[in-house]
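Given chain A's structure and the hints, the job is docking chains B and C onto it.
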Amino acid sequence: MPVRVSESSVPSQISGSSSGQSSPPACTLLSVGQAFSGTQNVSSVQNNEAWRVNVRIQGCDLDHGYLCGTMEALNVPMADTPVVTFWEGEIVDTKNYTFFTGKWDATPEDDIRHWTKFQSFSPLMNQAKVDGGKSLDLSNYPYIFMRWKEQYFVNVGTDCGLTIAGFYYVCFSCADGSINGFYYDPNSSPFQKLELKSTNEGRSGFSFSSYELQ
Amino acid sequence: MSLPWTVIRQLAEIEDMAMSKKVITREEWEKKLNDVKIRKEDMNKLVMNFLVTEGYVDAAEKFRMESGTEPDTDLATITDRMAIKKAVQCGNVEDAIEKVNDLNPEILDTNPQLFFHLQQQRLIELIRNGKIEEALEFAQEELAPRGEENQSFLEELERTVALLAFDDVSNCPVSDLLDISHRSKTASEVNAAILTSQSHEKDPKFPSLLKMLIWAQNQLDEKADYPRINNLSTAELEDSSV
Amino acid sequence: MPTSGPNNKPEDLIARLSSSDGEAKLKSLRELKNQIIGNRTKKLSYVKLGAVPAVVSILALAVESGDSSASSVIIQSAAIIGSFACGIDAGVRAVLDSGSFSILVRLISHSNNKVVDAGARSLKIIYQSKLAPKYDFFQKENMESLLSLLNSEIENVTGLGASIITHSCQTSAEQKILCEAGVLKKFQKLLQGSQNQRDASLESLATIIKNNPVVISEFVEADNRQYLRAVIELINDRYYRTRLLACMCLTAIWNTSPSCLQDVGLGTKLIMILLELLDDPGQVGDDAPFALASLIAEKEDMQKLAFEMDAVDKLCSQLRKTPLQAKRIQGIFLALAELCSKLEFCRSRLLYLQVLELVTDAFAHDSSEVRIAACICLKSVSRSVKSLSAGLFMNEMILVPLIKLLNDYSCSVQVAALGAISNIVVDFAARRPTFVQCGVVKQLVHLSTSMDSTVRVNAVWALRNLVFLADGGSKEGIFLELTTSTLLSLICDSESPVQEQALGFVRNLVDGCVESIDYVFTEDGVILHAIGRQLRRASKTEGMYVLSNVASGTELHKEAVLHQLLPSASSGAQSFLLKFLQSDDSRLRTAAVWSVVNLTFPCSPGAYARVVKLRNAGIYSQVKHMVNDSSLDVKLRARTALGQSMTFGDSST
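Protein chains in written order, with UniProt numbering: chain A, 1 to 214; chain B, 1 to 242; chain C, 1 to 653.
Hints were generated in silico from the structure; no laboratory data involved.
Treat the hints loosely; a few may be bogus.
Unchecked claim - Computed, partial: chain B to chain C, Cβ under 7 Å: (1) Glu70; (2) Asn101; (3) Pro105; (4) Leu108; (5) Asp109; (6) Phe115; (7) Pro145; (8) Glu149; (9) Gln151; (10) Ser152; (11) Ser199.
As the list claims (entries may be wrong) - Listed next, the in silico DMTMM-like pairs over lysine to aspartate or glutamate satisfying Cα-Cα at most 25 Å (straight line): (12) C:Lys42 - B:Glu142; (13) C:Lys314 - C:Glu344; (14) C:Lys304 - A:Glu212; (15) C:Lys140 - C:Glu180; (16) C:Lys42 - B:Glu156.
Said to hold, decoys possible - Some but not every residue of chain A turned toward chain C, in silico, with C-beta under 8 Å: (17) Cys27; (18) Asn54; (19) Gln58; (20) Asn140; (21) Pro142; (22) Glu201; (23) Ser204; (24) Phe206; (25) Tyr211; (26) Leu213.
All residues carry an ideal CB built from backbone N, CA and C; glycine is no exception.
This is chain A alone, in the form it adopts within the complex:
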């Protein structure tokens, strides 16, 4: 049973500073090697279907607000095998990246519209609308916001019938490692929801491994 957070966890605003010098918490549940699984629901007007999705974090560079990993989608209609993509993430740490995407055909309005779908975003919304959240200090905020952009297909060709032209708005909960996201692509059905939980791969507890690059 999750413990109720007794105090308010609205992030502090550093008064008088023009850019927040914060970095997201080093959260062990989002470190390299960690795996997540769940679903992406691809509902359209006709049907309500969901793909099983597995994600694994491969790289993490907090100084540059960078994350990367793979995403595997199972029971995808057009494919015989699971489809694996490699994605790179931007962490909204207000130092390297703000809530405004500034690329990939996403306007600030699109940005706010998507971030607002995460409950944990509401305390931040007003400031984010003004300047993308540049002056916010998110270093103690128990949620990490990211954008994940798939870069290429790992195990299938680009003719597999799937597109990776869009990107995900992602919200990660530091408390329990759960991930929520929405896929944004002007040419796909909107607001496809990604819901993942941290997997412990059959263990009774959480296990963490790591590598260190020289």
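Relative to chain A, chains B and C alone:
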């Protein structure tokens, strides 16, 4: 970094000007030329610089007496340098090497490429004089070790040694090495090295000025019609043929 | 004229040196001089034949005689000695061993300026070698002599003064005393002198200011920043060598006291000039990449600037020119390594330019310095997780020559290769079998038992990275190759960094499927016990994570961990878990509190009993203090742990 707005505006103005060519008459041009003031001392220095760098010792000495312009190097060192240059140009490379070492023993010790080229020239002179046996021995004793010491010489070394393989050297693929111009090339290299060691600029300034003149005229040609200097030796203004 | 003939063998020439006839002696001296100048091969053979002592004794005699006619002999002998000492270690040694040094020093005070010049020049050359005797700046007379050298009108004498400083100034105390003696002002004057004087001053200046913020500050402020201005102007000098030396001076300032250089555009200028100097075919072009590497090292903003000025392309195109001197290749690889050390777009560009083949070719280069530099370059590029993920380095072309370097005779090469291998073995897509095929596991295990601790730590590091996310089969293969006993000795290694990497290895080993945890239980749990012992001795985050990972397993595993964490009542020792929970290091606190979470994970049968034991050991009192820990991670896990402890109904915490 980006261009500040003032520069962008200026570039835009220049572009506008370039659209139409301006015409300048000879009268206007000559007047503009006359308005530019050049100091005599500057011209004298240029001349002295040319004479010194090219090694015209007597002329430099005379010019100094007549104009009172002081050379920026000791004229005595020019004599040494010219003797060395001449020795190479006459094919007396060994003599040149001895003189260079007398002048400054560090030059050849710190210029492996120059040393290699001098040895190479020695070999060429031996071949030119038909002393093939000596040449072979020299190549083995003196030239081959240079290739061992420094791999970047190997290609040139191979070319030079190839001379030994041909009976009729004047008609072989590497016959250019026997040109007198090759001696001049080596001589220039020595001259430059000596000048550098004496902290003197190795190229005279005068030719650079002329190059600048040609370049400037070429640039101006795109924008205006004006009297040009087409003959550098006469420096006469010639009306452009529109 | 041939160089060897009936009378012209080297031995004969040496013999003729001691001719009693003055003319013949002088002639022989000149002949010897002209034979050796520029000729490295001849110098070495003459040294072997004992020419140096012969010449030195002639010099000594001539100096003793005091004859004015002896000047020519002195000048020629001095020139010969200088030439022997030029660029050849054996020559310098012979020159020093023969006692020429003190004789040359006497020449500085000779009445004949040409003699002074010759003596100073040869001494200057000797001081360009690191074998020259160290100059003691702390002796008053020495300092006075040095200052008078710098005051001289003769170029070679001031050059000597400068090269003494360049050679012998090594400590900050020496820098300080030189600065206090007013040497900076002397250099300022010499910077207005000839090209040789400027170059010599710049080189000396760099040694005096290097890593010394106090001296730098004095230099920068001197004469209303005019000294600094003078050096900055020299980066545009017409001589390439001067430009390079001026850049190196400014880089030395930048690396120590960047705030002193307020000129914003200077960084760009320095990079631009150094990139231009790469085109010089001579020594300046060889040295330029080293200067560039030093300038951009650890400075992301400079690396970005350099990238925007096409540094990657320019350096790579230099690599393609053949043949290249070893020094230049080394410099270029080191510069590329710095460029790619932090920025992904630099690494992408380098990979795009397809120079990996040149890197792998360099693994077989004759020079060990080049081999090391190539490994460092590959190590830097392989920091790209994106490339690792795509398996870009996972091919024979790279692996085979790289793994060969693990057998290199040079330890430094082995270490450099291990550095690159540590990165390349990070494998996300089960390509590990390729490694096993290439025999890398065997090699790494072998090197992990090396006598050299640097080799050991890097080998274990590579193994740790190799076993990250490894599948069961690979883990088994690696573990069997390593053996329990080797792993144990690594966990208990005399060097702490080796222990850390060994624990990291175990942490990765027991991650993944639950069965992996059994590795620490082999041979009666000897590995688990060893880890517990190590943790009782010293705080180790990796070790704590091993226990935490094991505690995410079965009941048996959890009990074993608890046993390690909580000391038996009889020992009376404080639990190290408590100590770790109170640590200043947030990562250690995180690992410790995760172990509590795992031990008391809901739905495990013995969870409640463990909660009680932990509570009795005072653990929960500590955890309560952590619900508002400064680290978000720790805070959240502490709350989870508390929450879990309360799900069993008993609220008497």
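Structure-based check of all given hints:
1. Glu70: Violated: closest Cβ of chain C sits about 16 Å from glutamate 70 (chain B), beyond 7 Å.
2. Asn101: 5 Å, holds
3. Pro105: Interface hint status for proline 105 (chain B): holds (4 Å vs cutoff 7 Å).
4. Leu108: 4 Å, holds
5. Asp109: 4 Å, holds
6. Phe115: Since the shortest Cβ distance to chain C is 4 Å, the answer is holds.
7. Pro145: Holds: closest Cβ of chain C sits about 4 Å from proline 145 (chain B), inside 7 Å.
8. Glu149: This interface hint holds because 5 Å falls under the 7 Å limit.
9. Gln151: 5 Å, holds
10. Ser152: 6 Å, holds
11. Ser199: 4 Å, holds
12. C:Lys42 - B:Glu142: Judged against 25 Å, a Cα distance of about 9 Å means the pair holds.
13. C:Lys314 - C:Glu344: Given that 25 Å is the threshold and the Cα spacing comes to 18 Å, the pair holds.
14. C:Lys304 - A:Glu212: Status holds; Cα separation ~24 Å.
15. C:Lys140 - C:Glu180: Since the Cα atoms of lysine 140 (chain C) and glutamate 180 (chain C) sit roughly 13 Å apart, the hinted pair holds (cutoff 25 Å).
16. C:Lys42 - B:Glu156: 21 Å, holds
17. Cys27: Holds - the Cβ of cysteine 27 (chain A) comes within 8 Å of chain C, reaching about 5 Å at its closest.
18. Asn54: 13 Å, violated
19. Gln58: 5 Å, holds
20. Asn140: 5 Å, holds
21. Pro142: 6 Å, holds
22. Glu201: OK, holds: glutamate 201 (chain A) within 8 Å of chain C, min 7 Å.
23. Ser204: 5 Å, holds
24. Phe206: Holds - the Cβ of phenylalanine 206 (chain A) comes within 8 Å of chain C, reaching about 6 Å at its closest.
25. Tyr211: Where the cut-off is 8 Å and the nearest Cβ of chain C is about 4 Å from tyrosine 211 (chain A), the hint holds.
26. Leu213: 5 Å, holds
In this structure, the earlier hints numbered 1, 18 are contradicted, and the remaining ones agree with it.
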